[in-house]
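Chain F is already provided as a structure; the job is to place chain V on it using the hints.
Spelled out, the chains give:
2 protein chains.
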Amino acid sequence: MVDSHDNNAPHQVVIVGGGFGGLYAAKMLAKANVNVTLIDKRNFHLFQPLLYQVATGTLSPAHISSPLRSVLSKSENTKVLLGEVNDIDPEAKQVIMDDQLLPYDTLIVATGAKHSYFGKDNWEEFAPGLKTVEDAIEMRRRIFLAFEAAEKETDPEKRRALLTFVIVGGGPTGVELAGAIAELAYQTLKKDFRNIDTSEAQILLLEGMDRILPPFAPELSQTAAASLEKLGVIVQTKTLVTNIENDIVTLKEGDEVKQIAAKTILWAAGVKASAMGKVLAERTGAECDRAGRVIVESDLSIKGYNNIFVVGDLANFSHQNGKPLPGVAPVAKQEGEYVATLIQKRLQGQTLPQFNYIDRGSLAMIGQNSAVVDLGFMKLKGFFAWLFWLVIHIYFLIEFENKLVVMIQWVWNYITRSRGARLITGQKDSLEAKTAQNPSHYQSSEKRLPVNV
Amino acid sequence: MVDSHDNNAPHQVVIVGGGFGGLYAAKMLAKANVNVTLIDKRNFHLFQPLLYQVATGTLSPAHISSPLRSVLSKSENTKVLLGEVNDIDPEAKQVIMDDQLLPYDTLIVATGAKHSYFGKDNWEEFAPGLKTVEDAIEMRRRIFLAFEAAEKETDPEKRRALLTFVIVGGGPTGVELAGAIAELAYQTLKKDFRNIDTSEAQILLLEGMDRILPPFAPELSQTAAASLEKLGVIVQTKTLVTNIENDIVTLKEGDEVKQIAAKTILWAAGVKASAMGKVLAERTGAECDRAGRVIVESDLSIKGYNNIFVVGDLANFSHQNGKPLPGVAPVAKQEGEYVATLIQKRLQGQTLPQFNYIDRGSLAMIGQNSAVVDLGFMKLKGFFAWLFWLVIHIYFLIEFENKLVVMIQWVWNYITRSRGARLITGQKDSLEAKTAQNPSHYQSSEKRLPVNV
Numbered sequence: 000m001v002d003s004h005d006n007n008a009p010h011q012v013v014i015v016g017g018g019f020g021g022l023y024a025a026k027m028l029a030k031a032n033v034n035v036t037l038i039d040k041r042n043f044h045l046f047q048p049l050l051y052q053v054a055t056g057t058l059s060p061a062h063i064s065s066p067l068r069s070v071l072s073k074s075e076n077t078k079v080l081l082g083e084v085n086d087i088d089p090e091a092k093q094v095i096m097d098d099q100l101l102p103y104d105t106l107i108v109a110t111g112a113k114h115s116y117f118g119k120d121n122w123e124e125f126a127p128g129l130k131t132v133e134d135a136i137e138m139r140r141r142i143f144l145a146f147e148a149a150e151k152e153t154d155p156e157k158r159r160a161l162l163t164f165v166i167v168g169g170g171p172t173g174v175e176l177a178g179a180i181a182e183l184a185y186q187t188l189k190k191d192f193r194n195i196d197t198s199e200a201q202i203l204l205l206e207g208m209d210r211i212l213p214p215f216a217p218e219l220s221q222t223a224a225a226s227l228e229k230l231g232v233i234v235q236t237k238t239l240v241t242n243i244e245n246d247i248v249t250l251k252e253g254d255e256v257k258q259i260a261a262k263t264i265l266w267a268a269g270v271k272a273s274a275m276g277k278v279l280a281e282r283t284g285a286e287c288d289r290a291g292r293v294i295v296e297s298d299l300s301i302k303g304y305n306n307i308f309v310v311g312d313l314a315n316f317s318h319q320n321g322k323p324l325p326g327v328a329p330v331a332k333q334e335g336e337y338v339a340t341l342i343q344k345r346l347q348g349q350t351l352p353q354f355n356y357i358d359r360g361s362l363a364m365i366g367q368n369s370a371v372v373d374l375g376f377m378k379l380k381g382f383f384a385w386l387f388w389l390v391i392h393i394y395f396l397i398e399f400e401n402k403l404v405v406m407i408q409w410v411w412n413y414i415t416r417s418r419g420a421r422l423i424t425g426q427k428d429s430l431e432a433k434t435a436q437n438p439s440h441y442q443s444s445e446k447r448l449p450v451n452v
Numbered sequence: 000m001v002d003s004h005d006n007n008a009p010h011q012v013v014i015v016g017g018g019f020g021g022l023y024a025a026k027m028l029a030k031a032n033v034n035v036t037l038i039d040k041r042n043f044h045l046f047q048p049l050l051y052q053v054a055t056g057t058l059s060p061a062h063i064s065s066p067l068r069s070v071l072s073k074s075e076n077t078k079v080l081l082g083e084v085n086d087i088d089p090e091a092k093q094v095i096m097d098d099q100l101l102p103y104d105t106l107i108v109a110t111g112a113k114h115s116y117f118g119k120d121n122w123e124e125f126a127p128g129l130k131t132v133e134d135a136i137e138m139r140r141r142i143f144l145a146f147e148a149a150e151k152e153t154d155p156e157k158r159r160a161l162l163t164f165v166i167v168g169g170g171p172t173g174v175e176l177a178g179a180i181a182e183l184a185y186q187t188l189k190k191d192f193r194n195i196d197t198s199e200a201q202i203l204l205l206e207g208m209d210r211i212l213p214p215f216a217p218e219l220s221q222t223a224a225a226s227l228e229k230l231g232v233i234v235q236t237k238t239l240v241t242n243i244e245n246d247i248v249t250l251k252e253g254d255e256v257k258q259i260a261a262k263t264i265l266w267a268a269g270v271k272a273s274a275m276g277k278v279l280a281e282r283t284g285a286e287c288d289r290a291g292r293v294i295v296e297s298d299l300s301i302k303g304y305n306n307i308f309v310v311g312d313l314a315n316f317s318h319q320n321g322k323p324l325p326g327v328a329p330v331a332k333q334e335g336e337y338v339a340t341l342i343q344k345r346l347q348g349q350t351l352p353q354f355n356y357i358d359r360g361s362l363a364m365i366g367q368n369s370a371v372v373d374l375g376f377m378k379l380k381g382f383f384a385w386l387f388w389l390v391i392h393i394y395f396l397i398e399f400e401n402k403l404v405v406m407i408q409w410v411w412n413y414i415t416r417s418r419g420a421r422l423i424t425g426q427k428d429s430l431e432a433k434t435a436q437n438p439s440h441y442q443s444s445e446k447r448l449p450v451n452v
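Residue numbers (numbering that gives the first Met the number 0), protein chains in the order written: chain F, 0 to 452; chain V, 0 to 452.
Chain F extracted, bound-state conformation (with noise of 0.2 Å):
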């Protein structure tokens, strides 16, 4: 049972987090006799299935961003906090922010994941992951400055290192960037540059497993394959990364090691639990699973914590099938409902039979025209496939603007094949020319210190 400790004070709800499991469940509590709090580190909610647009030009961040405060601006008993959780204090019922404490009756956390190298965090100078805005606009200058620089380039053995782009990992991220980057190379770009031939480039998908696309039925990986190696990918399975150093990936196939020299390498491959796991770990001793995700029971509380819920990418679920749901947003969105009806039922002195995940399927876009998608009941590959993808994305874009806006620009891009978002941006190092002529332009204000004149 979860309780008020005022009588008269509406039932207190804490969300940490607004990504897909945060925001779902603070919207399901629109209308609950219950206050919630929703904190975040960003002002927006991304939605990061689509990302990857981003990294490669076809859409801006503000396509896929909706700002927290509009999304919930009507849901009267929701408050925004632009702000950072260090940690919880459980017993007290609260959580501990960088200025201030909040009381909560209930809290959910629904921080997410973030990359993992495995041990390697040095591989990610050479090989920046895919989870943020600022990681889609890295990924875009990378890749843009690397077609840029091979055409200054007259040595041929650096035009290729930076005309080969190496994607690690053969998951939906992974697939999708390498559709997308071949599609760039081999058709948008190809007219743009005089010294290169774009179309020359070498995009190769790396994946450990024995098939891409793990998750789909192996008919699917395999189609996946071959309308990426269509395209123009090298999809290299069973191959293992050992090193990544110095714009230079080492390869492990069977027995056989490789060394490629590529200027962009992007990584597609791991994820981990985000910090919070292991503060709920030490306030609730609860147990977290080798990826940092919280053990959760069935109904996404934390054992021995009835109040406490983890859902999304940090939790891991497994009571199921004692597989841990993956972590994916249809899941998140699934938990955090569940949570958010789960609160209110109890407040009614009711309860809700154990989570159960409805899995609708899985997709994959690979390029024009070309896409999987594996519904249990029924695969489908090719146009249908791209335009299921297309559809399926467009209805859970959060923002009716959002909707309306990517669905004009897919279209243009699609009569077209333009890009039109690739620009280079970002302060550091956006050009390898460097900005001596002009420092205080291009390096802007935060670093200098004031000097008085």
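Misleading hints may appear alongside valid ones.
Intra- or inter-copy, both count: the list cannot distinguish identical chains.
In the DSS-like style, the derived pairs of lysine-lysine whose C-alpha atoms are separated by at most 30 Å in a straight line are [said to hold, decoys possible]:
1) 157 - 78
2) 78 - 189
3) 26 - 189
4) 26 - 380
5) 92 - 380
6) 344 - 229
7) 151 - 26
8) 237 - 277
9) 229 - 380
10) 229 - 26
11) 302 - 344
12) 113 - 151
13) 322 - 237
14) 26 - 237
15) 251 - 344
16) 190 - 26
17) 271 - 344
18) 157 - 237
19) 378 - 257
20) 189 - 73
21) 189 - 251
22) 157 - 73
23) 113 - 92
24) 30 - 189
25) 151 - 78
26) 26 - 92
Treat the hints as calculated values from the structure; they're not laboratory data.
Only chain V this time, still in chain F's reference frame:
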């Protein structure tokens, strides 16, 4: 006379800078019997007149940027080069880049202007200006972060400073920024916050002269000031800023000195020529004015060097009425086109009369349904001026895709009064809250040194 070194090789035109001056020169030369190389530090042309809409969360950077390569993709005689010109050698007819020398027969320098703090460069830290995409994202970050911090602030004085926005400079950019921030505070954000009333925000527009929009007819300046005041902006003319430090603006109105505590101070006051002005002066003996602009001949060439032209914000062209032409897009565009035409004429052994700027008027947006347009023979204000402003800006957006997407975005914003692109991004303290929890994720890869494991 300009002649090629080698009679067989086509005439080499090198253009430095892909703003309005450089890009329109390149476009005009697309069909000419010359080889063109366009060099820019960025890989895109930026439509600066709409940059304030990025800074205030209406448009995304990609909406107002066009990749230079794709704009010039069909100009088969044109190469685009990403890089920076550090120096020129007018005797050897070469531009000097970091990694290469580039010979030219004719050189067009169009590197534009940057902010000027009138020698008080330490003000930049507290009062960023608006010239680049990064500048706009930084302004956007500051504006939206101020509201977020105010929502959390309990001290009324600090909250007041957080909700005070000072815009220094009453030209078109200052007016447009002030109007857009007023709409944000008094309309868009009103229902999104729970602790603060965003309509308590104070927006001050400071101008040193006796009226805002000095290039416009006095009656339009009055209209603009009245419209801004109706929107809620406090317009202060005849006001000099004497210091900006630690979020305090010190003003002088006549003899009265005043201090205003404001967390968000935006600089729209002055520009100076980019560093190429100095380089040209040193290498060619060209004279520069006080703002660093190169004083050009009546055909936009440099005295003594009839094969070096300066166009756009970097040029001081005073042959028309003794006053230098203003640093606005139409001047740059017409200058670029003039020089491109002159080059072609000269190759045919002909010449052109001196450059003559055709002033088609000035326009400034104030807010929803409100703008001022001064066409000389006709003055518009209110709704029709606003409609005219929209049409003109859509018309001049370089690429069709951008026109379409911007139009839809504007229609949507008009109907809903929402601002979808209000992301707080950028890696450096993008939150007040430190990212201690998850430093590797947010501080990205670039600052970290590889650590061997």
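Problem - Violating hint indices (sorted, rising) - result: The structure conflicts with hints 4, 5, 6, 8, 10, 14, 15, 17, 19 and 21, although it agrees with all the remaining ones.
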